[in-house]
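Letter by letter, the chains look like this.
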Amino acid sequence: MTITDVKPTESEPGKARHGKNKRIDGTRRRGIALHVSLILGVLLSAFPFYWAVIMSTHSSTEIFSYPPKLLPGSHLGDNLSKLFDSIDFFGSMFNSLLVATTVTVLVLFFDSLAAFVFAKFSFPGRGVLFAMMMMIFMVPAQLQAIPQFVIMAKLGWIGSMTSLVVPAAANAFGIFWMRQYMKSAIHDELLDASKLDGASFMRQYWHVALPVVRPGLAFLGIFTFMGQWNDYAWPLIALTNPDNVTLQVALSQLNGVHGTTDYGMVMTGAVLALIPLLIVFAIGAKQIIADLGKGAIR
Amino acid sequence: MATVPLVEKPPAPAVEPPPANPKKSIRSYWRLYAAISPFYLLFLAFGLIPVGFSLYLSFHRWDGLGSMEYAGLSQYKYLLSDTDFWSSIGNTIIIWALATFPMIFLAMVTAVMLNSAVRFKKIYRFAYFLPNVTSVVAVAIIFGSVFSTNFGLVNALLQAVGLDQVAWLNTPWGIKVAIATLMTWQWTGYNAIIFLAGLQTIPGELYEAARVDGAGPIQTFFRITLPMMRPVLLFVLVISTVTGLQSFSEPQVLLQTTANESTFSGGPDHAGRTMVLYFFQQTFDNNDFGYGAAVAWGIFLVVVIFSIINWRLVQRRGED
Chain A
1 MTITDVKPTE SEPGKARHGK NKRIDGTRRR GIALHVSLIL GVLLSAFPFY WAVIMSTHSS
61 TEIFSYPPKL LPGSHLGDNL SKLFDSIDFF GSMFNSLLVA TTVTVLVLFF DSLAAFVFAK
121 FSFPGRGVLF AMMMMIFMVP AQLQAIPQFV IMAKLGWIGS MTSLVVPAAA NAFGIFWMRQ
181 YMKSAIHDEL LDASKLDGAS FMRQYWHVAL PVVRPGLAFL GIFTFMGQWN DYAWPLIALT
241 NPDNVTLQVA LSQLNGVHGT TDYGMVMTGA VLALIPLLIV FAIGAKQIIA DLGKGAIR
Chain B
1 MATVPLVEKP PAPAVEPPPA NPKKSIRSYW RLYAAISPFY LLFLAFGLIP VGFSLYLSFH
61 RWDGLGSMEY AGLSQYKYLL SDTDFWSSIG NTIIIWALAT FPMIFLAMVT AVMLNSAVRF
121 KKIYRFAYFL PNVTSVVAVA IIFGSVFSTN FGLVNALLQA VGLDQVAWLN TPWGIKVAIA
181 TLMTWQWTGY NAIIFLAGLQ TIPGELYEAA RVDGAGPIQT FFRITLPMMR PVLLFVLVIS
241 TVTGLQSFSE PQVLLQTTAN ESTFSGGPDH AGRTMVLYFF QQTFDNNDFG YGAAVAWGIF
301 LVVVIFSIIN WRLVQRRGED
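Protein chains in written order, with the working numbering: chain A, 1 to 298; chain B, 1 to 320.
Don't read these hints as lab results, they were simulated from the structure. Quick caveat, the model's predicted, so the values are computed rather than measured. Among the hints, erroneous ones may be present.
Unchecked claim - Cut-off 27 Å, straight-line C-alpha distance, at most; resulting in silico cross-link-like pairs (DSS-like, lysine-lysine): (1) 69(A) x 122(B); (2) 82(A) x 69(A); (3) 286(A) x 77(B); (4) 183(A) x 82(A); (5) 69(A) x 183(A); (6) 195(A) x 183(A); (7) 122(B) x 294(A); (8) 121(B) x 294(A).
What the hints assert, rightly or not - In silico negatives: residues of chain B with every beta carbon more than 12 Å from chain A: (9) 49; (10) 52; (11) 69; (12) 74; (13) 131; (14) 312.
Where is the CB? At the ideal position from N, CA and C, for every residue including glycine.
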């Protein structure tokens with residue numbers, strides 16, 4: 001198994017009559033072909049990012065000329081200063097950061113607390129309440145959009161970040177995810193023991209449950225943060241003051257106004273907006289990728 | 001028959017040591033109810049009440065400010081004859097199909113390759129997943145430039161090999177292909193990771209047995225891999241359908257610069273106007289909240305019908 005890149009099961013029996021050396025050659029050649037195709041896929045995945053970075057270093061005259069630019073230019077500074085003149089980039093980035101962080105903290109707390117109850121306690125109405133929660137998965141966002149907008153307008157939240165934070169502060173997916181995790185991760189004996197020691201419900205949650213479900217919380221936290229950071233449709237509607245928006249909405253405004261004239265600057269904005277998210281993803285990638293698969297095959 | 005009760009009587013559910021005691025008053029559970037209450041309060045205020053309200057609204061005419069006017073079934077009748085709505089269903093389904101089938105095929109191929117590659121597996125997975133974590137807005141802006149008529153990469157490639165250039169974002173099919181390409185790019189890696197997780201649960205003995213029986217790699221794939229992957233395939237298909245049929249951000253950002261009447265109009269000839277874009281246009285541009293609500297229920301129905309079709313297709317293939 002040291003030299004093979006390909007599962008041994010994939011060798012065809014018809015090839016058995018070839019010499020041994022030839023077969024090893026074939027296996028190795030197939031291994032190389034495999035990695036070449038995989039690398040081609042990686043390049044396709046990465047190329048749009050590369051191109052966006054390249055474009056952010058060129059002026060729009062350069063971008064509009066043929067052939068397309070594939071190497072960095074010298075206009076990054078110009079594009080940056082034009083970008084900061086056109087939109088309140090750091091103000092909107094701060095808004096995004098504020099909303100995403102607040103929502104993540106609230107979701108982690110409310111979802112894990114509710115999940116703890118559903119995973120480890122029984123009480124009247126538990127089955128009905130849980131089934132009700134699963135129903136919300138089926139409700140499409142459009143059905144809620146108009147009434148939400150009307151309710152928020154009545155509350156005076158339209159235009160402020162509150163309209164993004166409050167409805168997102170707890171969700172069915174997170175409760176379901178954490179409940180699955182807690183059912184197996186928290187041992188009943190541990191809870192019984194802590195109860196004998198006179199621990200209250202909140203103490204059990206904080207000192208017994210939370211410490212053992214940290215990996216589950218990490219996934220939920222990163223997932224929630226990225227989802228909030230990238231959220232677009234609802235903020236576009238709810239943030240009615242064009243000077244006080246999240247980053248995605250600001251970026252869309254930039255594209256709408258300058259999208260056909262100053263591509264270099266618009267591209268600079270798109271690239272800058274990706275950086276914080278890429279950092280979060282780089283930190284949590286291992287967890288996300290592993291848990292995503294687990295969630296799907298469960 | 002006498003044995004049946006014995007078999008059917010399992011011990012009390014092993015979820016929780018002290019089962020709910022009926023004599024205990026409901027009040028003694030107040031901590032538990034308090035702990036789950038935040039979700040249910042939000043669910044009530046921003047989930048359940050809105051859904052009921054949007055049903056009520058769909059039977060009324062309302063511009064969001066003045067007084068509501070009862071309209072009976074007239075808005076649903078209009079919806080059925082609204083050619084704009086039907087064409088938005090057509091656009092959505094075409095874009096969904098152009099994106100989903102290549103995506104599932106490419107994701108499966110990628111997953112099978114990742115499953116056989118021993119080295120660099122983690123790096124590959126990271127790279128393939130990257131497109132999915134980036135925001136649709138940034139990605140749509142980038143793809144707008146990839147498909148630009150004047151300086152886009154795709155047209156530069158076409159020119160380089162001596163083909164005619166295409167005004168991608170100005171022709172009905174070009175628009176749909178551009179949106180579908182964006183979606184395929186963004187979701188192939190994500191689904192490949194899910195398929196890979198599914199592939200890794202298939203026991204190695206099955207492949208061993210197939211090898212002993214003299215099955216080739218293609219036969220093995222269709223006789224073992226694909227049947228074993230059916231549940232995961234169903235999961236991916238259902239998720240892709242539910243999200244794909246509700247696409248909004250991709251066409252909205254991609255086509256907002258070429259839209260003339262509204263940023264929700266879906267580009268020239270409304271060729272990229274999906275169902276949800278049409279919903280936003282009716283509701284928030286035309287301020288027709290009542291009709292918007294009827295459109296939303298129409299979208300809901302289309303999504304439900306498609307989910308059922310998906311489910312039955314995959315189920316039936318399972319019975320063969």
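Inset, instruction - Find the nearest Cβ of chain A to the Cβ of residue 49(B) and say whether that gap is larger than 12 Å. - result: Since the minimum Cβ distance to chain A is about 7 Å, residue 49(B) lies within 12 Å and the statement is violated.
Legend entry - Pair hint outcome, residue 195(A) versus residue 183(A) [Cα-Cα no greater than 27 Å]: At roughly 18 Å apart (the allowed maximum being 27 Å), residue 183(A) and residue 195(A) satisfy the hint.
Inset, instruction - Could you grab the alpha-carbon distance between residue 121(B) and residue 294(A) and see if it respects the 27 Å cut-off? - result: OK: residue 121(B) and residue 294(A) at ~17 Å, within 27 Å.
Inset, instruction - Would you check the hint for residue 69(A) and residue 183(A), treating anything up to 27 Å between C-alpha atoms as holding? - result: 55 Å, violated
Inset, instruction - Say whether it holds or is violated: residue 69(B) keeps its Cβ farther than 12 Å from all Cβ of chain A. - result: Holds: least Cβ distance 16 Å, greater than 12 Å.
Inset, instruction - Run the C-beta distances from residue 131(B) to all of chain A and say if the shortest one exceeds 12 Å. - result: Violated: least Cβ distance 5 Å, not greater than 12 Å.
Legend entry - Distance restraint between residue 286(A) and residue 77(B), which requires alpha-carbon spacing of 27 Å or less: The hint is violated at about 51 Å.
Legend entry - residue 122(B) paired with residue 294(A) [C-alpha distance capped at 27 Å]: 16 Å, holds
Legend entry - Least C-beta distance from residue 312(B) to chain A larger than 12 Å: 18 Å, holds
Legend entry - Holds or violated: residue 82(A) to residue 69(A), with C-alpha atoms at most 27 Å apart: Given that 27 Å is the threshold and the Cα spacing comes to 21 Å, the pair holds.
Legend entry - Cβ separation check - residue 52(B) to all of chain A, threshold 12 Å: Contrary to the label, residue 52(B) does not stay out of reach of chain A, its closest Cβ about 8 Å off (not over 12 Å).
Legend entry - Beyond 12 Å from each Cβ of chain A, as asserted for residue 74(B): The assertion about residue 74(B) holds, with a minimum of 18 Å to chain A.
Violation of the numbered hints given earlier is confined to hints 1, 3, 4, 5, 9, 10, 13; the remaining hints are satisfied by the structure.
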